[in-house]
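Work out the full structure, taking the sequences as your base and the hints as a guide.
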Amino acid sequence: MRWLRAAAVALLGALGLARGAGRRERVVQPGEPAPRSELVVAALLLGAAACAVAFCVFYATDSLGHQTQLLGLSLGGALALLSAALIVTGKRLVVEEELEEDYPEPESPDEQEQVTAIVRESARPLTRKRLLAGAAGVAGTALGAALITPALSLGPALDTESLYDAPWRRGTRLVGERGTPYRAAGIETGTFYTAFPEGADPEELGSPVVVVRLDPAALALPAERARWAPDGIVAYSKVCTHAGCAVAIYRKPLFAPAEPRPALVCPCHYSTFDPAAGGKVLFGPAGRALPQLPLEIDATGQLRAAGNFSGPVGPSFWGVRTRRPRST
Amino acid sequence: MIRRAIRFLDQRSGSAPLLRKSLRYLFPDHWSFLLGEVALYAFIVLVATGVYLTFFFDPSTAKEVYHGPYAPLRGFHMSHAYKSVLDISFTVKAGLLIRQTHHWAADVFVAAIVVHLLRIFFTGAYRKPRELTYVIGVLMLFITLLEGYLGYSMADDLLSGMGLAIGYSVALSIPLLGANLALLIWGHPFPGDPSFWSRMYVAHVFILPVVIGTLMFLHLALVASRHHTQFRRQARQTERRLVGVPAFPAQAPRSLGLLAAVAAVLFLLGGLVQINPVWQWGPYTPSLGTNGAQPDWYLGWLIGGMRLVPHFDVTLGKYTLIPNPFWGGALFPLSVLVALVSWPWLERRLTGDHAAHNVLDRPRDAPTRTAIGAGFFTWVLLVFVAGSADRVTVAFGLSYPAQIWVFRVLVVVAPIVVFLLVRRVCRELHQAELIERDRERAEAEARQAAGARAPRPA
Amino acid sequence: MTLSRLRARALGRPGRRVIWALAATVALGGGVAEAQPPIGIVRPAHEQGQPLSLLGRELYAGNCASCHGIDGRGVGSLAPQRGVGAVKGLGPSLRGVGALAADFYLRTGRMPLERSGKQASRQGPQFNEREIEALVAYVASLGQGPPVPQPHPERGSVAAGLHLFTEHCAGCHQVAGEGGVLTGARVPLVKHSSPAQIAEAVRIGPFLMPRFSRRQISDRQLDSIIAYVRLADAPVDRGGWGIGHLGPIPEGMVTWLIAVVLLVGVCVLLGRRLS
Chain A
1 MRWLRAAAVA LLGALGLARG AGRRERVVQP GEPAPRSELV VAALLLGAAA
51 CAVAFCVFYA TDSLGHQTQL LGLSLGGALA LLSAALIVTG KRLVVEEELE
101 EDYPEPESPD EQEQVTAIVR ESARPLTRKR LLAGAAGVAG TALGAALITP
151 ALSLGPALDT ESLYDAPWRR GTRLVGERGT PYRAAGIETG TFYTAFPEGA
201 DPEELGSPVV VVRLDPAALA LPAERARWAP DGIVAYSKVC THAGCAVAIY
251 RKPLFAPAEP RPALVCPCHY STFDPAAGGK VLFGPAGRAL PQLPLEIDAT
301 GQLRAAGNFS GPVGPSFWGV RTRRPRST
Chain B
1 MIRRAIRFLD QRSGSAPLLR KSLRYLFPDH WSFLLGEVAL YAFIVLVATG
51 VYLTFFFDPS TAKEVYHGPY APLRGFHMSH AYKSVLDISF TVKAGLLIRQ
101 THHWAADVFV AAIVVHLLRI FFTGAYRKPR ELTYVIGVLM LFITLLEGYL
151 GYSMADDLLS GMGLAIGYSV ALSIPLLGAN LALLIWGHPF PGDPSFWSRM
201 YVAHVFILPV VIGTLMFLHL ALVASRHHTQ FRRQARQTER RLVGVPAFPA
251 QAPRSLGLLA AVAAVLFLLG GLVQINPVWQ WGPYTPSLGT NGAQPDWYLG
301 WLIGGMRLVP HFDVTLGKYT LIPNPFWGGA LFPLSVLVAL VSWPWLERRL
351 TGDHAAHNVL DRPRDAPTRT AIGAGFFTWV LLVFVAGSAD RVTVAFGLSY
401 PAQIWVFRVL VVVAPIVVFL LVRRVCRELH QAELIERDRE RAEAEARQAA
451 GARAPRPA
Chain C
1 MTLSRLRARA LGRPGRRVIW ALAATVALGG GVAEAQPPIG IVRPAHEQGQ
51 PLSLLGRELY AGNCASCHGI DGRGVGSLAP QRGVGAVKGL GPSLRGVGAL
101 AADFYLRTGR MPLERSGKQA SRQGPQFNER EIEALVAYVA SLGQGPPVPQ
151 PHPERGSVAA GLHLFTEHCA GCHQVAGEGG VLTGARVPLV KHSSPAQIAE
201 AVRIGPFLMP RFSRRQISDR QLDSIIAYVR LADAPVDRGG WGIGHLGPIP
251 EGMVTWLIAV VLLVGVCVLL GRRLS
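Protein chains in written order, with the numbering used here: chain A, 1 to 328; chain B, 1 to 458; chain C, 1 to 275.
To be clear, the hints were calculated from the coordinates, so they are not data collected in a lab. All clues given are correct.
In silico DSS-like pairs for lysine-lysine, Cα to Cα no more than 27 Å straight-line: (1) K63(B) <-> K93(B); (2) K280(A) <-> K318(B); (3) K91(A) <-> K21(B); (4) K280(A) <-> K118(C); (5) K191(C) <-> K118(C); (6) K128(B) <-> K21(B).
Footprint (simulated), chain A over chain B, 3 or more residues, beta carbon under 8 Å: (7) 221–234; (8) 241–249.
Because the structure is a prediction, the values reported are computed rather than measured. Virtual Cβ for every residue (Gly too), placed ideally from N, Cα, C.
Right under this line is the structure:
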């Protein structure tokens, strides 16, 4: 052990690093040299350098293919080798001192006292403390409110009427994505169609509707909607009343006697709606029926809205059911 | 050389005492103390890669027609935002590597925070005098969730659009103020005002990172000022006395090594494992949806929460008070946040222990805390797992509605069972240790007695 | 492996057992069989020598008639209703479904089904090539119906296909064709299906899937959809390992099972120090 330490001192001395070590007490405890580990570290560092160079080469060369993979491998490899070098350094090369010290004092009562005194004594000359505190409070609140007020420009926070907007009105034609009107005769059973109001922005939540044709005998719509489904064609908002995703699934049985009944399903949380029963919720978290769009067939056989939806479109909010949608 | 540099610095900043103290700051010895560092380093990678991405990303919803190198999308109308993410992925050299590394770093950052939080919780490291450090940490976790959500949402692909719709519904569902709040944030009913995109962008690349960075600085400053906690492994380690290795030289190469390791893992994943291939999802419009849409893993517990709630809105006659998404999307995370933040004070109430603690508990040393933590964690974890029930159906054929019902029961029953079980196990372990100690003492005494009577030959 | 296949295996490979041929004859003579699930595949005795038309008829009688009716008119409801069990119907009519449907259900192994009303899942065909040909021809002869489609995905446009697929198919089949779920069914992957099978499924609408006619999706558009699905078979995975093209769920698994495990490993490696 002693000769090892002597050797270490000799080595460090030879490297010129131990100068002055004899003159005053050491701060860092002496460690034992590990020349082989030093070689390992050096090799790892050179490896890291090589990988880093490779990264630059891969960056510059377009013809290799899989460029992202090569770049990731080389950069990741360089970092991994660097990490390995540092870990070996930490475990083999640097001195491992085990020191102890006291935890900081849990508190400084004197200083606490001083701070309290400064605050207290500074306020002593004041005679109307309550009044001043109250006035300052009022000023602070008012100023705070004033500073927050411009945030109202962010959106129509005080007027939430726009949440009831839907671009449908009596006579609006149902058109496809490219603007071609849907004809009632073209609507077949067993499938679904996505329709938009003619001339409106298709990206508004109130725009898309899903249209399906059901057996008129199987319809069980609420009494007041008896005329909303000419020839068994029904239309519902394509936006789920739960979380606003597109109701992109039409479940229809191939062999009705043995399979689940037709349903509109949202793929986000699997809310399941009954198109035959006015969009009633069959399963899943939606708390409100899918809004139904009343339909009519015009003289030329094209599908038109016979009014606006049965309820507000999209996810629910406080008081959502109190109003019918507003046509825009 | 070194001395001259230090003298230069000290003469101009007076920082030599601070430097000396920092270099000799003591790190107690346990691998689990490095988990927080993993999170810190993932954040560094996030900032570095994120800055690079801002040079190419265009947060605009204005539409254009795609003519880029990815053939299946040619001719699609898409926003500048989505187009610029496609360009980062296909035309910017090394862009896809950086983008994927950024996304992996986000996933790993949150995961590291969670693992770190579990360690802190189950060892009682949050106790006085470290409650503030802990609370700041929990806040950082929740702000990070929002930060990650915004990053996922800005790309304007099919998945991010569906995620935004869900976020909008959660905002709308907040009782009384939801509609006002949602319109304030989005500026217009969904999909929102064009300026919503720049709002998300500035929040994602500036406001929230600065907030997280500031909290992180405070977190670390508080850790340093109260020093690390420690496990008691030697007699000299006490509530007043800390044993560890100094930051320099012993700890520095290890921490730097860990930084390099974190970066290495993230860049290797970024290069080799594909994450969020937005070109495969296509652009979003509100009339489109896909099966299997999910948020990033760290919001999986919210989709689980939203899927488990049975179908009802709280109504007063025809007047809707609380729409359904509120329960799973807002109240659930909020109650988890409140429970986590208030726990140190709650525990103090329960145990009456107001003392400061520098020595950590092992989980078995505090059976009730460990059991409550395990039950709570089980609760959140089950809701999280329920969020992927649809893919379980695809993979194993179990009926989806049946699974939902099983989970609805499990989230109520399992935490209680886990609580009772874990408390029992902890107590048994503790008891076993006491028995072991008694046995050793008895054996030692017996040996002593035997030795006194008939000394064994050497 | 499904129950029926297990049993089929236990009872011996294709067409070895006379008993089953006997059963077939019984079924032929007996009209609608009991409301029992078909057990295994019923094959006539000297299958090799039989002309296709006869083979098709016998296979149909032994394996299909119990649910689809001996005359192919389907079994809508069992008469007389005995009031026991909730069997409302066993199988749809096959008149007019044509070669298209028979080809789809037999080549994807969906038929015969163990039990009526159950979702048929895709598997290896339960009949051999000659048997399928015979059955397809027989079913096609039951009524006027569409032939097996012959799509030309090379004429389609991948971009148009992606667009159509997202609008009509992605809600169930997932945008990258990885399959999915809806309440009441598990949605199969569309990848690794042959172009003809995709075309057939679109026109039939098996189980709970909508059926799309030529008026809704033209043959040309169908070619594009198939072109896109073929791309989805081998997607552009520029980012590396595709981990299932599902997004966040596999990504979360990689995060926890690879990245976190690796990094905690590094922490443990680094943390072991003082003795």
